[in-house]
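Required output: the full structure, derived from the provided sequences and hints.
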Amino acid sequence: MNSRIFPLLGFALLVVLLVVGLKIADRKTNLPSPLIDKPVPVFDLPVLASPGQTMSTESLLGKFYLVNFWGSWCVTCRAEHPVVTQLAGLNAVYIVGMNFRDESEDAIAWLGRWGDPYDVSLIDYDGRVSIDFGVYAAPETFLVDPSGTIVFKHLGQLTWDIVETEILPRLANTELGS
Amino acid sequence: MTVELGQISLLAALLTALVLGLVPMIGTYTGNRRFIAVSTTAALIQCLLVMISFGILTSAFIVQDFSVEYVARNSNSLLPMHYRFSAVWSAHEGSLLLWELILAVWIAAVALFSKRLPEIFRARVLAVLGWVSVGFLLFIILTSNPFGRLIPSAVEGLDLNPLLQDFGLIIHPPLLYMGYVGFSVAFAFAVAALLGGEVSRDWVRWSRPWTLVAWAFLTIGIALGSWWAYYELGWGGYWFWDPVENASFMPWLVGTALIHSQAVTEKRGAFGNWTLLLALSAFSLSLLGTFLVRSGVLTSVHAFASDPTRGVFILAYLALVVGGSLTLYAIRAPKMIQGGGFAGMSRETFLLVNNLVFTVMAAMVLTGTLYPLLIDALGAGKISVGPPYFGLLFTWLLVPMVIALPIGINSRWQQDSGSRLFGMVRWPLLASLAIGTVVWIMQPSIGFVSAAGITGGAWVILGSLFYVGQFQLKKKSFRIPGSILAMTLAHVGLGVFLIGLSMVSTLSTEKHLRMEAGDKYQMAGYTFEFLGTKIVQGPNYTANEGEFVITKGDQEVTRLYPQKREYAQRGNIMTEAAIDPGLTRDLYVSLGEPLDQSGRAWAVRVYHKPFIRWIWLGSIFMLAGGMLAAANKRYRRKMPATEPVTTKAKEVAA
Amino acid sequence: MTPTRKRRLIGILIIIIGVGISAVVAMQALNENMLFFVSPTDVEEQSLPVGKRFRLGGLVAVESVSRAEDSLAVAFVVTDGAHSVDVRFDGILPDLFREGQGIIALGELKPDGHFEADEVLAKHDENYMPPEVADALEKAGHVESEQ
Chain P
25 MNSRIFPLLG
35 FALLVVLLVV
45 GLKIADRKTN
55 LPSPLIDKPV
65 PVFDLPVLAS
75 PGQTMSTESL
85 LGKFYLVNFW
95 GSWCVTCRAE
105 HPVVTQLAGL
115 NAVYIVGMNF
125 RDESEDAIAW
135 LGRWGDPYDV
145 SLIDYDGRVS
155 IDFGVYAAPE
165 TFLVDPSGTI
175 VFKHLGQLTW
185 DIVETEILPR
195 LANTELGS
Chain G
8 MTVELGQISL
18 LAALLTALVL
28 GLVPMIGTYT
38 GNRRFIAVST
48 TAALIQCLLV
58 MISFGILTSA
68 FIVQDFSVEY
78 VARNSNSLLP
88 MHYRFSAVWS
98 AHEGSLLLWE
108 LILAVWIAAV
118 ALFSKRLPEI
128 FRARVLAVLG
138 WVSVGFLLFI
148 ILTSNPFGRL
158 IPSAVEGLDL
168 NPLLQDFGLI
178 IHPPLLYMGY
188 VGFSVAFAFA
198 VAALLGGEVS
208 RDWVRWSRPW
218 TLVAWAFLTI
228 GIALGSWWAY
238 YELGWGGYWF
248 WDPVENASFM
258 PWLVGTALIH
268 SQAVTEKRGA
278 FGNWTLLLAL
288 SAFSLSLLGT
298 FLVRSGVLTS
308 VHAFASDPTR
318 GVFILAYLAL
328 VVGGSLTLYA
338 IRAPKMIQGG
348 GFAGMSRETF
358 LLVNNLVFTV
368 MAAMVLTGTL
378 YPLLIDALGA
388 GKISVGPPYF
398 GLLFTWLLVP
408 MVIALPIGIN
418 SRWQQDSGSR
428 LFGMVRWPLL
438 ASLAIGTVVW
448 IMQPSIGFVS
458 AAGITGGAWV
468 ILGSLFYVGQ
478 FQLKKKSFRI
488 PGSILAMTLA
498 HVGLGVFLIG
508 LSMVSTLSTE
518 KHLRMEAGDK
528 YQMAGYTFEF
538 LGTKIVQGPN
548 YTANEGEFVI
558 TKGDQEVTRL
568 YPQKREYAQR
578 GNIMTEAAID
588 PGLTRDLYVS
598 LGEPLDQSGR
608 AWAVRVYHKP
618 FIRWIWLGSI
628 FMLAGGMLAA
638 ANKRYRRKMP
648 ATEPVTTKAK
658 EVAA
Chain B
11 MTPTRKRRLI
21 GILIIIIGVG
31 ISAVVAMQAL
41 NENMLFFVSP
51 TDVEEQSLPV
61 GKRFRLGGLV
71 AVESVSRAED
81 SLAVAFVVTD
91 GAHSVDVRFD
101 GILPDLFREG
111 QGIIALGELK
121 PDGHFEADEV
131 LAKHDENYMP
141 PEVADALEKA
151 GHVESEQ
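The listed protein sequences derive, respectively, from chains P, G and B. In terms of the numbering used here, the first sequence opens at residue 25 and continues consecutively. In terms of the numbering used here, the second sequence opens at residue 8 and continues consecutively. In terms of the numbering used here, the third sequence opens at residue 11 and continues consecutively.
Hint data in this document are derived by calculation from the structure and do not stem from the laboratory. Quick reminder that beta carbons are idealized off the backbone N, C-alpha and C, glycines included. Among the hints, a few may not be true.
Said to hold, decoys possible - Chain G side only, calculated, beta carbon under 10 Å to chain B, not exhaustive:
id: 1; residue: S391
id: 2; residue: P394
id: 3; residue: P395
id: 4; residue: L404
id: 5; residue: L405
id: 6; residue: H519
id: 7; residue: W623
id: 8; residue: I627
Now the structure itself:
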């Protein structure tokens, strides 16, 4: 009886290791951003399809806004698009579309085909701003409060669950000791 | 066409699987023969339902129904028809449905072709398989449903990843899964044997053909994956010890030990516990592999998109199935080794060495694959294990196995003598040493290890063929029994594989170059001349196609046309290598990138790979050997009518 | 002790020794082939394995890629947002290599401070970055925020 229990014990140890592994993997996708509660990285970028026009972080002070990093090359962005559109329909928050590492024609075509949920679309052509934001995968979404502080970040596909539990409640918290 | 029918069909299959898992099993303990008889019907109905579901998903791809999210994500209106079929299993959800389909087919096969097994044992085998199916169906229905709708419907699909638009994707996953999933049958046989407290070793004989077929499929599935990577990835590599590859290799290693261990248990009654444990482990490793690849726990250049929530489900399933079976083993495995003992120099000993070598190899691959996870879990940093770890240990463990193989083939059961054996193998030994030495002298750059590898390969091939020759001499006939032919084929395949591996490891030449139209490069006696590139149009891509003329001396050997493709939909860039295949060498050219604005100068990869086809040729031999062994008439003999004494079934009038 | 028992014992002993040797060789090989993952910040702070091959990960800094005129030599900068490392590579870059993309380079750090890569990897999906790179970026961000 003794020796035959070894395979089971060995397997139990393996399961422990794998459970820990899963926790780590989970952590990787829900990483707390070091940018939380820090000032939003400054940017001043051209507006998509409006040559000559630019928009800066300064002009966005005083209201909540969402920065959604996306690209026409990004498959998951297409998947989260319905949620972004739904959120836009609520008119609850100003949504800035940050098109990065992309060609304007492709971006315009993408928005034309699937619909444009953004209040404004900016071009981060070479991705410098995305690097400042620490964006390492598309899509990523940041919520900035009226004082220009990042209060929430979501990595990956936006789901309505996240919108309801993380974004909408924060919009209700205005002037909380900023 | 309502794809929701596909979902409904899956749900129905789940219910059927539950019935299959519960009812016959209960029947075997209460002696209710009607319950037991449910097993066949349930197995066949389940198979039909899963086929319907799979068929519906496939048709959604064929008609390009972009209202189905899975289709929209993995297909495109420009996608050629043959890839619409393979796109079904190109991503997570569809590949799981393929898994389940193949499982359902195996279960139906067992139901149809094992009528001669004792009733109770058979019912338990099918019930265990039913439980395996329940787990997968639940997983698909709850977390990985391929039938979800996209609202509003997509006008155009996102296209199949160009790397997957290839013949390899059409055949590699199905064949691989036939192997992976096929080991569930050996698993079910082992569990059923444990449940029944089988002391007889008949159960091993019954499980052999199923195990051999699964093993054969897994062999060719892995080989296809390697071949596919070779020509598709464009770097000339064929095996990277990547976690996804290791996930398929571990079941194969254990499976190889299993098919040999089964032989010993069937013929001599020894290794009973080994065989049980190996049968449980092979499928457990298949499940573990599925977990590792789909959970995000390991990084790999070609893992499926990771999802830790799915990982939790698979891990729980894994823990239940494997933990449960190992617990059963701990409690029930026979305490005594049945059958006779054996001497130091005997066939059993050689096969024991074989068991050990393959098991240690599998353990070593598992360790290397999981080590980064362990280090990360301990917070000691992020590492990856470089391929040399695997290569080194694999090579060293091969040594005792290769040495033992031809000797073992010639050995007698229970007791043999060293001198007799030496007498039997001395000619193959001398011949292979001579071959190895000659090769080393003629081509010193091959190095000692590869020369030894070639010696080993020749040793295995010659030793196997000599055995057949001796056998025929003794029996004075030209007819070779099927089982011996099968064994010889598979072992020769191993030898061929070893020779190919040795040659290509040290003798292949590779060069990365900057080339302009008109440039020439000489390598391994061939001259590669670059003639420039032109634009060509494919069904869903545009490509820069280069033209290379390859000459040997004055003779033109071939023209190669490697491409750099850009796929319209996603804008993916892909390299399509050009290969001139040959039995003794491959010539391989692929384009890197354009090095200047005009596109006249290109970065180019040029390779000469001697004997690389032998690697996959060897696996074809192994496939043939495995299939031939499974077809042995012995397995189709009528089974004993009497039940083993220890079962508790009561005969009930139907 | 009977001859059979003796033979059994020898057999078991041989097996244990064999497996033991394999285990020792395995651990040795593991240690030698462990490729540590290092970020540019780690390089800056000098906490790296010396003289050994390791993996450097980060983003390819924009406008940092330059090719030689007549060979395959290419130079670029790898950054994690906080620090950067010069990388030199002589060979063909993967199809997905581009500025702003996450990559992993395998190679060695040279005395003059640049990283000599013999392999450069990027994953076959623009949306994904190896978790190690993601981790390094997070850590780098942390360093930045403490300044």
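Each hint tested on the structure:
With a least beta-carbon distance of about 5 Å to chain B, the hint placing G:S391 at the interface is held under the 10 Å criterion. Interface hint at G:P394: satisfied, since its Cβ lies 8 Å from the closest Cβ of chain B, which is below the 10 Å cut-off. With 10 Å as the threshold, the beta carbon of G:P395 comes within range of chain B, its nearest partner Cβ sitting at about 5 Å, so the hint holds. Of the supplied interface hints, the one on G:L404 holds, with its beta-carbon coming within about 7 Å of a beta-carbon of chain B, less than 10 Å.
The restraint placing G:L405 at the interface with chain B is violated, with a minimum CB-CB distance near 12 Å, outside the 10 Å limit. About 5 Å separates the beta-carbon of G:H519 from the nearest beta-carbon of chain B, less than 10 Å, and the hint is met. For G:W623, the interface hint is violated, the least distance from its beta-carbon to any beta-carbon of chain B being 23 Å, above 10 Å. Of the supplied interface hints, the one on G:I627 is violated, with its beta-carbon coming no nearer than about 28 Å to a beta-carbon of chain B, more than 10 Å.
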